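For chain A, the structure is supplied; the task is to place chain B on it using the hints.
2 protein chains.
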Amino acid sequence: MGKVANISPLAPTSYPQMPALKGVRLGAVEAAIKYKGRLDLGAIIFDAPATVAGVFTKSKCSSAPVDWCRKQLAKGGARAVVVNSGNSNAFTGKIGLETVKVSADAAKKAFGCKTHEVFLASTGVIGEPLDASGFETHLTKLEKIARENEWENMARAIMTTDTYPKMSTRSFDVDGTTYHLNGIAKGAGMIAPDMATMLSFLVTDYPVASDLLQKLLSKAIGPTFNSISVDSDTSTSDTVMLFSALNGNKAVSSAKDKGVGALQKALSEVLHELAMFVVCDGEGASKQIEITVNGAKSAKSAKVIALSIANSPLVKTAIAGEDANWGRIVMAVGKAGEPADRDKLTIGFGDVTVAKNGQREKNYSEEAAAVIMKKAFIPIHVDVGIGKGSATVWTCDLTAEYIAINADYRS
Amino acid sequence: MGKVANISPLAPTSYPQMPALKGVRLGAVEAAIKYKGRLDLGAIIFDAPATVAGVFTKSKCSSAPVDWCRKQLAKGGARAVVVNSGNSNAFTGKIGLETVKVSADAAKKAFGCKTHEVFLASTGVIGEPLDASGFETHLTKLEKIARENEWENMARAIMTTDTYPKMSTRSFDVDGTTYHLNGIAKGAGMIAPDMATMLSFLVTDYPVASDLLQKLLSKAIGPTFNSISVDSDTSTSDTVMLFSALNGNKAVSSAKDKGVGALQKALSEVLHELAMFVVCDGEGASKQIEITVNGAKSAKSAKVIALSIANSPLVKTAIAGEDANWGRIVMAVGKAGEPADRDKLTIGFGDVTVAKNGQREKNYSEEAAAVIMKKAFIPIHVDVGIGKGSATVWTCDLTAEYIAINADYRS
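Here the protein sequences come in this chain order: A and B.
Counting in my numbering, the first sequence runs from 2 upward without gaps.
Counting in my numbering, the second sequence runs from 2 upward without gaps.
Extracted from the complex, chain A is given alone in its bound form:
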């Protein structure tokens, strides 16, 4: 990271108090992988095997740690997830595979578990070999300082161009007992949907079997992490993992269980909140943009149109300039290639309808739109007018600061 970015103007004003989860310890150390003087190697350690679910990048050039996690997922239980920032260990060929083995072996020795119980994630520069030779020493040290209340340090250790740590938590009651879901995430650039997006790790103390956990995660991802885009660039390393800390308890495997329903709700909320934190930390972001498309031919079609708007550099720069340039939204709807009828299209910013039935709204007030464009949260509404498909996606604006951050990321 060539420059120290200021904290995003869209950052939350406070961080949530993350509750301790029994049998779930976290730790973070300085391994000086790339950054100096900051936490860059973290781990979540499960004292007893946890169940695990994961969703990963669809990139055809996925990183070595992603390949590793996919393989281990099939084997079941998790005792640790080890994450480093500064180097993504992606496109590192055979050396990358060896690094992954060295890392898992280091965790095995440091945490006293099996290598297949170790999950790995790396984020940062692509294509540079990651030196994991010091990981055993670092992880041994980490194991000693790991505590149940170290969520924030873990969230900080996985940051790259992020300007603030991303944490979210929800609790829910099942038969008089309170359970929790804690989640952290990192991501600021190279964010686009289709699993997609970034690193995120979630842990619940409600005991759920792996298969069911996977179903819950896969369902909740679509309208959250898979509905955000910062720059349309999909990373080679994107990873979202959900763990259930069983602590030796029997795992629930029925989707009809009432605790599972509560967990699903908590999961949707936590993933949504984390996804919004990512959008609001979009590199150089000064505005959060919510794009709702209604009246499309199908929900799928609505999402394609919404993402076409969200990924248009011209729409995003107009919003950076606080310009209610709805013509560019028409352009983005048109280029999406989905069924649309120019003369049925309605477009609005917030509660101001700008265009209706293919032309500018008669009572449209540029002044009213200007008031909305000055705000930090910009809601864009599009009604395609031909069907019942709906979708909402989120993105941020495209500013000169994005260029500044990305033109010298490696230097």
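One thing to keep in mind: the hints can contain errors.
It does not matter which identical chain is meant; a pair holds if it fits inside one copy or across any two.
As the list claims (entries may be wrong) - Below 30 Å or equal to it, Euclidean Cα-Cα: the simulated DSSO-like pairs (lysine-lysine) are: (1) Lys298 <-> Lys59; (2) Lys61 <-> Lys301; (3) Lys357 <-> Lys102; (4) Lys95 <-> Lys298; (5) Lys76 <-> Lys345; (6) Lys389 <-> Lys345.
These aren't lab readings, by the way, just hints derived from the structure by calculation.
Every value quoted in this text rests on a predicted model; they were computed, and no experiment measured them.
Leaving out everything else, chain B in the frame of chain A:
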């Protein structure tokens, strides 16, 4: 246009001498549509009916002039093409259709032709009604000043955020007679393939029938205008038209005619040159980027991968920062969704191979790459290593100047 942009550093150092074509007059006037003190309404007038071919935007929200041209194309002969800048007459509903009729009628009266012989194009702001009430006066004046040697003024009249006029010409001999192909174009932003791109008008004095003319144009578009991208945004107004000024001569209709072969070659060269002028005038561009993908599963697959690289904001900002950040190229190959094998991928900048077989090349010299990255022309080579498909596309870098231009375009 809120600001006066400096001329692109990638602009040509001189403009070609455009030869006069018999029976083809051009004129441009100040109509003050949006800009003040500059030519913004131009026309090419054919003294006798010309044959005509066209390729238009694939946008589902195409502009009223595009709809008009599509309709007239089926009817045949052209006596004029009228082009204004400053307002695209797109997404203007019924008013837009009426404006088109008013414009065509004005041309009919001014030039003494039929309305269906008038072709129209508009470029500029979307969604604002275009006031064509003064067009008859303006075009009558234009008709009087129209000359065969006014190509440059015509090229200037169609500019929007372009920083220089775009002109190209080729001549070819057929049986001892010299024929010509003249072309002009405009386009700097909202440029993406799939017809795609911008406004461009080409005229040859070699007499070719409409059907054959259409085949020649459609064939030549793929590797030229449909292989460039500035910002992945497809305009609602993109139009490329090719006219053959018959001047009463018999039109050639056989593809085997030797003059047709020469014209096809000239067409490819002129379209390529104009396409490069557009890329080099990409909003805020400081580098011209040529992306060649070999070894893909098919030519189509190669083009998808090449465009994924060309449209990646992270690749484009890295090049703006003169950073040989090949990891982002890996990312862009991966996100393209086309068949690829990480461990067979080769990537190079110019003659420097950066990565081979899925990892950094052993002899890779960051210094050698740095020398290439400092140049204005950046060739990127990707070999996917799995097939024989090839494609080349061109784009420009993404700079803070792009943001500055687009954040206040309307103001």
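To see whether the hints hold, each was checked on the structure:
1. Lys298 <-> Lys59: Cα proximity of Lys298 and Lys59: in one copy and across copies (26 Å, 19 Å).
2. Lys61 <-> Lys301: For Lys61 and Lys301, the Cα distance is within 30 Å both inside one copy (23 Å) and across copies (17 Å).
3. Lys357 <-> Lys102: So Lys357 and Lys102 pass the 30 Å test across copies only (22 Å; inside, 59 Å).
4. Lys95 <-> Lys298: between (46 Å within a copy, 24 Å between copies)
5. Lys76 <-> Lys345: This pair counts as between: shortest inter-copy Cα distance 29 Å, intra-copy 52 Å.
6. Lys389 <-> Lys345: within (14 Å within a copy, 45 Å between copies)
Of the numbered hints given earlier, the model fails none.
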